[in-house]
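There are 2 protein chains.
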Amino acid sequence: MIDKLIEGIKQTKCPVCVGLDTMHTYLPEEFEADEKKPLRSIGDALFDFNREIIDSINDIVPSVKVQVAYYEQYGSAGMRAFKKTIAYARKVGLVVISDVKRNDIGSTATAYSNAYLGGVEIGGERHCPYESDFITVNPYFGIDGIQPFLNDCKKYGKGIFALVKTSNPSGGEFQDLKVYRKRLYERVADKVDAWGQDLIGEYGYSAVGAVVGATYREQAQFLREKHPTTFFLVPGYGAQGATAADIAVNFDANGLGAVINSSRGILLAYKKPQYAGMNFKKAARAAVLDMKEDILSALKANGVNL
Amino acid sequence: MIDKLIEGIKQTKCPVCVGLDTMHTYLPEEFEADEKKPLRSIGDALFDFNREIIDSINDIVPSVKVQVAYYEQYGSAGMRAFKKTIAYARKVGLVVISDVKRNDIGSTATAYSNAYLGGVEIGGERHCPYESDFITVNPYFGIDGIQPFLNDCKKYGKGIFALVKTSNPSGGEFQDLKVYRKRLYERVADKVDAWGQDLIGEYGYSAVGAVVGATYREQAQFLREKHPTTFFLVPGYGAQGATAADIAVNFDANGLGAVINSSRGILLAYKKPQYAGMNFKKAARAAVLDMKEDILSALKANGVNL
Numbered sequence: 010m011i012d013k014l015i016e017g018i019k020q021t022k023c024p025v026c027v028g029l030d031t032m033h034t035y036l037p038e039e040f041e042a043d044e045k046k047p048l049r050s051i052g053d054a055l056f057d058f059n060r061e062i063i064d065s066i067n068d069i070v071p072s073v074k075v076q077v078a079y080y081e082q083y084g085s086a087g088m089r090a091f092k093k094t095i096a097y098a099r100k101v102g103l104v105v106i107s108d109v110k111r112n113d114i115g116s117t118a119t120a121y122s123n124a125y126l127g128g129v130e131i132g133g134e135r136h137c138p139y140e141s142d143f144i145t146v147n148p149y150f151g152i153d154g155i156q157p158f159l160n161d162c163k164k165y166g167k168g169i170f171a172l173v174k175t176s177n178p179s180g181g182e183f184q185d186l187k188v189y190r191k192r193l194y195e196r197v198a199d200k201v202d203a204w205g206q207d208l209i210g211e212y213g214y215s216a217v218g219a220v221v222g223a224t225y226r227e228q229a230q231f232l233r234e235k236h237p238t239t240f241f242l243v244p245g246y247g248a249q250g251a252t253a254a255d256i257a258v259n260f261d262a263n264g265l266g267a268v269i270n271s272s273r274g275i276l277l278a279y280k281k282p283q284y285a286g287m288n289f290k291k292a293a294r295a296a297v298l299d300m301k302e303d304i305l306s307a308l309k310a311n312g313v314n315l
Numbered sequence: 010m011i012d013k014l015i016e017g018i019k020q021t022k023c024p025v026c027v028g029l030d031t032m033h034t035y036l037p038e039e040f041e042a043d044e045k046k047p048l049r050s051i052g053d054a055l056f057d058f059n060r061e062i063i064d065s066i067n068d069i070v071p072s073v074k075v076q077v078a079y080y081e082q083y084g085s086a087g088m089r090a091f092k093k094t095i096a097y098a099r100k101v102g103l104v105v106i107s108d109v110k111r112n113d114i115g116s117t118a119t120a121y122s123n124a125y126l127g128g129v130e131i132g133g134e135r136h137c138p139y140e141s142d143f144i145t146v147n148p149y150f151g152i153d154g155i156q157p158f159l160n161d162c163k164k165y166g167k168g169i170f171a172l173v174k175t176s177n178p179s180g181g182e183f184q185d186l187k188v189y190r191k192r193l194y195e196r197v198a199d200k201v202d203a204w205g206q207d208l209i210g211e212y213g214y215s216a217v218g219a220v221v222g223a224t225y226r227e228q229a230q231f232l233r234e235k236h237p238t239t240f241f242l243v244p245g246y247g248a249q250g251a252t253a254a255d256i257a258v259n260f261d262a263n264g265l266g267a268v269i270n271s272s273r274g275i276l277l278a279y280k281k282p283q284y285a286g287m288n289f290k291k292a293a294r295a296a297v298l299d300m301k302e303d304i305l306s307a308l309k310a311n312g313v314n315l
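Residue numbers (my numbering), protein chains in the order written: chain G, 10 to 315; chain R, 10 to 315.
Source of the hints: derived by calculation from the structure; they are not laboratory data. Any given hint might turn out to be false.
You can't tell identical chains apart in this list, so a pair holds if it fits in one copy or across any two.
[Unchecked claim] Below are the EDC-like pairs computed for lysine to aspartate or glutamate, each with C-alpha atoms no more than 16 Å apart in a straight line:
| id | residue 1 | residue 2 |
| --- | --- | --- |
| 1 | 93 | 61 |
| 2 | 46 | 134 |
| 3 | 301 | 68 |
| 4 | 93 | 53 |
| 5 | 46 | 130 |
| 6 | 45 | 130 |
| 7 | 164 | 53 |
| 8 | 290 | 61 |
| 9 | 45 | 134 |
| 10 | 200 | 182 |
| 11 | 291 | 61 |
| 12 | 164 | 130 |
| 13 | 290 | 68 |
| 14 | 163 | 207 |
| 15 | 235 | 202 |
| 16 | 200 | 153 |
| 17 | 93 | 57 |
| 18 | 163 | 211 |
| 19 | 309 | 12 |
| 20 | 19 | 261 |
Let the sequences and hints guide you as you build the complete structure.
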């Protein structure tokens with residue numbers, strides 16, 4: 010699956026995933042809720058909005074990242090929208106990263122892996138209710154909470170991104186603690202690298218990647234140099250404050266090695282002055298193209314061509 | 010909510026939460042799946058089984074812990090069973106701990122908190138689809154990923170348990186790393202303690218508790234002495250190998266300060282030789298009473314009476 014993501018990046022020249030972190034408050038007026046069944050109508054609206062966004066960007070990006078929290082908050086109507094969104098995105102050929110940050114002891118991690126990667130067997134048939142290409146996971150439990158995901162990566166050609174250095178302001182509260190001569194996030198990155206060594210694809214990157222926040226440039230640069238087989242999922246561009254120059258350090262000399270997420274910057278582009286007069290679909294597409302240009306320019310400034 | 014949990018423990022003299030980690034393979038033969046709609050019939054069966062377990066134990070325990078992973082793996086049918094299970098358990102007066110281990114940056118943590126604690130406002134009405142009394146959370150993001158949960162704890166009288174020292178074999182891979190003179194889990198425990206200081210209830214315990222695995226006895230003993238206002242949710246008894254003597258160190262001199270979880274030991278009691286001839290409900294009840302006896306004896310051996 011990491012190879013499919015990289016091929017998509019090479020083909021579109023756009024190392025971007027569009028973050029479908031869709032809230033009902035983000036929707037344009039035409040998606041008005043039905044007061045009689047507000048949750049159900051919001052669930053339908055979330056999917057309709059996402060489908061239109063997907064249709065407007067799917068020829069120019071390789072992947073979407075769908076943050077499950079935004080759907081969980083609407084209960085079953087939201088989870089139906091999540092399921093339909095990831096299924097639709099996969100159907101049109103996008104690589105789907107479900108951003109779930111799941112984590113638990115081995116037996117329970119197996120159940121999570123069943124939900125998103127591997128599926129549960131019932132009456133001889135495999136059911137994977139929220140089948141995704143990648144998911145994000147939290148590494149706090151160590152290897153035996155990760156192994157079930159690795160098993161499904163091998164068996165079904167899936168991938169994971171484990172949290173290493175997160176993009177939020179207090180990310181360093183534990184992640185930056187110094188353990189002998191290294192920071193905790195460096196120790197985590199070392200393990201993530203090791204966990205992925207037998208899942209390396211034909212471009213030299215592993216299906217076991219790392220989440221590395223764009224808001225911590227120096228740390229990202231260090232990790233990029235240290236872990237040449239670890240692919241980075243990079244949040245923090247745009248709404249969270251990171252610039253293209255910040256994110257350029259996450260790429261290798263061939264412009265590969267990272268996929269940059271933007272959520273609000275694309276979903277809410279239709280509310281920005283520079284896209285005035287565009288509907289939400291056109292604004293989203295324009296915002297993706299501007300983001301692509303911004304990243305490619307920053308890479309070029311570093312002498313890198315994708 | 011921490012006060013309600015403690016009152017329930019004092020009333021039942023049973024510091025136990027029954028872990029409803031229900032899988033379709035755990036169900037007795039009478040819950041046969043309908044081959045035509047296997048997922049839906051499994052969802053119904055999970056709830057029916059849980060309801061019968063709840064009915065058979067709700068007068069002898071204060072709380073249940075419901076592990077969402079086991080429901081997510083069945084998709085919407087599973088999540089419906091999860092929702093119905095927690096609603097039913099709350100209706101009959103049990104304190105419900107939803108074991109979700111959610112974690113993310115602040116804006117996304119808010120969405121998770123909406124789902125389980127606070128609710129989302131739609132058309133002036135509050136909708137909390139999976140309303141629980143407590144949830145478990147993962148602290149890897151630091152305070153700004155925790156603050157949204159704290160806000161809802163204050164506003165709605167809820168509680169959280171943050172992962173500190175997990176019960177699994179590789180739990181120490183990161184948690185035991187030495188940061189200056191302390192282990193990482195000690196650093197996390199210090200923060201969890203501090204996060205909870207303005208949520209302390211009338212028994213001297215905070216609504217911000219810690220997950221402390223029963224399988225690491227010395228560490229638990231250390232944490233109990235160090236953090237007198239932090240209530241512990243203790244997994245690892247039974248199927249994971251911890252004995253009552255191991256778990257006794259998690260309690261204070263009054264027999265308070267901890268609630269011990271058992272999942273498979275109770276749900277699957279009907280398959281054990283010592284409960285032969287009992288149906289699953291009677292076996293679950295007998296297993297809870299045996300567990301209570303086991304814990305109270307171990308406490309007594311330490312000179313503690315609940």
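Against the structure, the hints come out as follows:
1. 93 - 61: Only inside one copy: residue 93 and residue 61 sit 13 Å apart there, 33 Å across copies, limit 16 Å.
2. 46 - 134: between (34 Å within a copy, 12 Å between copies)
3. 301 - 68: within (13 Å within a copy, 61 Å between copies)
4. 93 - 53: within (10 Å within a copy, 22 Å between copies)
5. 46 - 130: For residue 46 and residue 130, the Cα distance is within 16 Å only across copies (14 Å; inside one copy 34 Å).
6. 45 - 130: For residue 45 and residue 130, only the inter-copy Cα distance (15 Å) is at most 16 Å; the intra-copy one is 38 Å.
7. 164 - 53: Answer is neither: 33 Å inside a copy and 30 Å across each miss the 16 Å cutoff.
8. 290 - 61: Classified as within: same-chain Cα gap 7 Å, cross-chain 50 Å, threshold 16 Å.
9. 45 - 134: between (38 Å within a copy, 12 Å between copies)
10. 200 - 182: Between copies only: 9 Å across, 20 Å inside.
11. 291 - 61: Intra 10 Å, inter 53 Å, cutoff 16 Å: intra-copy only.
12. 164 - 130: Intra 14 Å, inter 42 Å, cutoff 16 Å: intra-copy only.
13. 290 - 68: within (13 Å within a copy, 56 Å between copies)
14. 163 - 207: within (9 Å within a copy, 47 Å between copies)
15. 235 - 202: Within one copy, since 10 Å is at most 16 Å while 35 Å is not.
16. 200 - 153: For residue 200 and residue 153, only the intra-copy Cα distance (12 Å) is at most 16 Å; the inter-copy one is 25 Å.
17. 93 - 57: within (10 Å within a copy, 28 Å between copies)
18. 163 - 211: Intra 15 Å, inter 51 Å, cutoff 16 Å: intra-copy only.
19. 309 - 12: neither (24 Å within a copy, 60 Å between copies)
20. 19 - 261: Classified as within: same-chain Cα gap 13 Å, cross-chain 60 Å, threshold 16 Å.
Checked against the numbered hints listed earlier, the structure breaks hints 7 and 19; every other hint is satisfied.
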